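Asker: Here is what each chain is made of, one letter per residue.
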Amino acid sequence: MIGAAICIFVFYLGLILSLFYFVGGKGFWEALINPYTLFSIRLSLIAATIATFFAVIIGLPSAYALSRFEFMGKRIVDTFLEIPMIISPIALGASFLVFFNTPLGELIQRKGILFVFEVPGIILAQFASIAGLATRLMKASLDEISPRYEAVARSLGSSSWQAFYRITLPLSFKGLLASVILSWAKAFGEFGATVTIAGAMPGKTETMPIAIFTALASANIEKAIVLILILVFFGLATLYGVRMTGKGYRYD
Amino acid sequence: MIRVEGLTILFESFRLMDFHVEIEEGEFHFLLGPTGVGKTLILESITGLHKPQKGMIWIGEKKVQDIPPEQREISYVPQDLTLFPHLKVKENILYGIKAKNLNLQAYEEYVQALIQVMKIEHLLERYPANLSGGEKKRVALLRALAPRPKLLLLDEPLSGLDPSIKIEIQQLLKTLHASFHPTVLCVTHDFEDAYLLGDKITIFIDGKIEQVGKRDDIFLRPKSKKVAQFLGLKNLFRAKVLGREEELQRLILNVNGLQFSIPESLYPDQIGVGKEVDLFIRPEEVMIIREGKSVKDSLKRNLFEGEIFDITDRGRYHVVNFQTRVEKIPFEISIPNYAFRNLGLSVGKVVKVALREESLWVMW
Chain G
59 MIGAAICIFV FYLGLILSLF YFVGGKGFWE ALINPYTLFS IRLSLIAATI ATFFAVIIGL
119 PSAYALSRFE FMGKRIVDTF LEIPMIISPI ALGASFLVFF NTPLGELIQR KGILFVFEVP
179 GIILAQFASI AGLATRLMKA SLDEISPRYE AVARSLGSSS WQAFYRITLP LSFKGLLASV
239 ILSWAKAFGE FGATVTIAGA MPGKTETMPI AIFTALASAN IEKAIVLILI LVFFGLATLY
299 GVRMTGKGYR YD
Chain U
21 MIRVEGLTIL FESFRLMDFH VEIEEGEFHF LLGPTGVGKT LILESITGLH KPQKGMIWIG
81 EKKVQDIPPE QREISYVPQD LTLFPHLKVK ENILYGIKAK NLNLQAYEEY VQALIQVMKI
141 EHLLERYPAN LSGGEKKRVA LLRALAPRPK LLLLDEPLSG LDPSIKIEIQ QLLKTLHASF
201 HPTVLCVTHD FEDAYLLGDK ITIFIDGKIE QVGKRDDIFL RPKSKKVAQF LGLKNLFRAK
261 VLGREEELQR LILNVNGLQF SIPESLYPDQ IGVGKEVDLF IRPEEVMIIR EGKSVKDSLK
321 RNLFEGEIFD ITDRGRYHVV NFQTRVEKIP FEISIPNYAF RNLGLSVGKV VKVALREESL
381 WVMW
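Same order as they appear, the protein sequences are chains G and U.
Per the numbering used here, the very first residue in the first sequence carries number 59; after that it's consecutive.
Per the numbering used here, the very first residue in the second sequence carries number 21; after that it's consecutive.
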C-alpha cells in the first residue's frame, strides 16, 4: 500500500520534473519576461482573487444557513451547489453565452457590465466554477462547530450576529481559511468556462491556463512550460498554505 | 418569581402539552424525570433557543416568550457545558458581562467571590482543553452566574462525573446556592441530586407533571405509585382498606393477610373502606427492635416478627432484607452502620420490626 502511494508521488513528480528538460533555453527566458506572460499572471491573480471574494461574500452566509437552519428546499439548494462539479466547465461557459443572448442577458450587457469577451466575464466564469465548492467547503467547516456554542453565547447576552463573529467564526476560522485558499486555487486554474465566455485575447482576457493552451496551440513550448511551472508553484504554495492552517481547537 | 404556563412543544416525535412550572426567587427547583422525556427541549424553550408552539414565560412581571434569548436574562448550562475552546477560563467567565455591555468594575467583587467559592483561581489563564471534567463544570457554572441572571438553567449538571468529583460538585452547588441564592431550574433524571439539592421538585414522567412539591413531600409522600417507582422507592405494596377504628381514628390496611394501622389524620381526602391502595414504607424508617427492649405503645400497632434473609453492606449503611413470619411479606430495611453494629444482626436471625405510623404512606 505504501508502494502504491510512492508510485503516485513518483508519477506526479516525474511529470513536473520532465518540464525542466526544456528549462534554460533562450526561448525560456524570453517567454518568462514577455509582457503578455506577465499580463496573464497578473490577470489570473487579480481575477481569481476577486472571484473568490464574491464567492465568500455569497458563500459564507449560504453555508451558514445550510449548516444551521432547516428550510424548505434546503436539499435542492444543497444539490445545486454541486452543479459546477458535475457539468463540464465548457458547458458552464456555453450556458453563460446562451444566457447573454437572451433579452435579460442582453439588457445586462447593454445597461450594466459587459461580460462576453471581457475581464468581468473571466471573473464571472471563475465565480460560477467555485461558488458552489466554496459554499460546500465552508459549510463543512461550520458543521464541525456545534451550534450549542452559539446557543450558550446567546443565553449569555450575545445577539445572533455577535455569537457568530465572537464564537463560530474564530472556532471555524482555520477551516474557512482553507476553504477560501482551495477555492482561490480552483479559480486560478479555471480554463473551460473562462475561455468560453471571455475568449483568449492576449493582453486582454488571456489568463494563465488560457495562455498555456494558446502557447501549445502555436507550438511555443517554452512559454507553455514557464506558465505551467508558475501554475505548479502557485498550486503547491496554495496546498502548503492549506496544510499550514492545521487543525482547529480541541472541542469539548 | 419565574412562571412558565401552557408550554406546548411539538418537535419531531416529541410532544409536550401544557407544561407549567413556578419557581420562587432564590429557589433551587428540580425538574426530575426519566431520560428522553424532553427535559432539555423544555430548557431550550425557556431560554429562547427553541421556539415552542405555545406558552407564556414570565420573569417577574416581564413576559419574555417573544423576546430573543440574549434579552431574557436567563443563563443556560447545557449538559455538554460548551465552554468556548478558543477563550481562556477568565475570558469564558467574563463573556456574559462583556456581551451584555455591563460595567466590569461593578461586577468585579461579585465575580471574585464566585471564583473563590468555586475554587478556580489557579485555572483562570488556562484554556478549557486543559481542564478536568470537574473543573470544566465549575467554570461553566461560574460563567453562567457571572452576569447575574434572573434564572439559571442547568441541564444534568452532575452527570458523567466520577463519584468523588460528583460529591465535590454537589457540595459546591450547595455552597453556591447558599451564598448567592440564584434562582435555578435544574433538569435531571437522578433523584439523588434532586434530593440533596432541591428546594422544590417537579416530577415529570411520560410528558406529564406527576407531582410538584417540597423535597420531603415528594420523597416521603409520593402522590402515586408511578412517582414512587420512578424515585426507586422500596417496600411498595398493594393493600386494601379493611376497616376504620373510629375511636383511635385509624385505618386498618391489609397486605396479603398482614395488617397495618395508619392514622386517618394524615389523609385529608377520605379513603373509603374496601378501597385498593398502594402502601409505601420507607426502608430507613423501619426499626429493628433490640432483644429484650420494651416497645412503645405507638409502635405496637405495626409490630411484626420475622426472619432476616439477606444483608448487604452498602458502605455508609447496611440493607437488611426481612420477611414477616406470618404471610411472608418481605421488607427492605436501611440501617446506618453504627446502629447495625449494635444490633448484632445476621442472616437467619429472628427479629421483631416496628413501623412508625407516620413512616407508612398510602397512595391511591
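Errors might be hidden in some of the hints.
[To be verified] Below are the DSSO-like pairs computed for lysine-lysine, each with C-alpha atoms no more than 27 Å apart in a straight line:
no., chain 1, residue 1, chain 2, residue 2
1, U, 156, G, 232
2, G, 232, U, 245
3, U, 108, U, 139
4, G, 232, U, 220
5, U, 118, U, 74
6, U, 234, U, 220
7, U, 139, U, 71
8, U, 186, U, 118
9, U, 245, U, 369
10, U, 170, U, 194
11, U, 313, U, 295
12, G, 232, U, 110
13, U, 71, G, 132
14, U, 348, U, 369
15, U, 110, U, 71
[Claimed, not checked] Covered stretches of chain U, going by a simulated chain G footprint (3 or more residues, C-beta under 8 Å):
no., segment
16, 61-75
17, 234-248
Source of the hints: derived by calculation from the structure; they are not laboratory data.
As the structure is a computational prediction, the values presented were derived from the model and not from experiment.
Think of the CB as a built atom: it goes at the ideal place given N, C-alpha and C, for glycine as much as any other residue.
Asker: Now tell me if each hint is right for this structure.
Answerer: Comparing the hints with the structure gives:
Of the pairs offered as hints, the one joining residue 156(U) and residue 232(G) holds, with about 25 Å between alpha carbons and a cut-off of 27 Å not exceeded. Restraint check for residue 232(G) and residue 245(U): the C-alpha separation of about 55 Å exceeds 27 Å, so the hint is violated. Note on residue 108(U) and residue 139(U): the hinted pairing holds, with a Cα-Cα distance of about 16 Å set against a maximum of 27 Å. Restraint check for residue 232(G) and residue 220(U): not satisfied, since their Cα atoms lie roughly 47 Å apart, outside the 27 Å limit.
A C-alpha spacing of about 32 Å is found between residue 118(U) and residue 74(U), which places the hinted pair above 27 Å, so the restraint is violated. A C-alpha spacing of about 4 Å is found between residue 234(U) and residue 220(U), which places the hinted pair at or below 27 Å, so the restraint holds. A threshold of 27 Å between alpha carbons decides the hint, and for residue 139(U) with residue 71(U) the separation of about 37 Å lies outside it, so the pair is violated. Only pairs whose Cα atoms come within 27 Å are accepted, and residue 186(U) paired with residue 118(U) is rejected, the gap being roughly 31 Å.
Only pairs whose Cα atoms come within 27 Å are accepted, and residue 245(U) paired with residue 369(U) is rejected, the gap being roughly 32 Å. Restraint check for residue 170(U) and residue 194(U): the C-alpha separation of about 18 Å stays at or below 27 Å, so the hint holds. Between residue 313(U) and residue 295(U) the alpha-carbon distance is near 36 Å, which puts this suggested pair outside the 27 Å criterion. For the hint linking residue 232(G) to residue 110(U), the alpha-carbon distance of about 24 Å falls within 27 Å, and the restraint holds.
Straight-line distance between C-alpha atoms of residue 71(U) and residue 132(G) comes to about 20 Å, which keeps the hinted pair within the 27 Å bound. Taking the CA atoms of residue 348(U) and residue 369(U), the gap is near 15 Å; set against the 27 Å cutoff, the hint holds. At most 27 Å may separate the alpha-carbon atoms for a hinted pair to count; residue 110(U) and residue 71(U) exceed this at roughly 32 Å. Check result for the segment 61-75 of chain U against chain G: holds, 4 residues qualifying (beta carbon to beta carbon below 8 Å, three or more required).
Coverage of a stretch by a chain is defined here by at least three residues with a beta carbon nearer than 8 Å to that chain's beta carbons; for the segment 234-248 of chain U and chain G the count is 0, and the condition is violated.
Violated hints, in rising order: 2, 4, 5, 7, 8, 9, 11, 15 and 17; the structure is consistent with all others.
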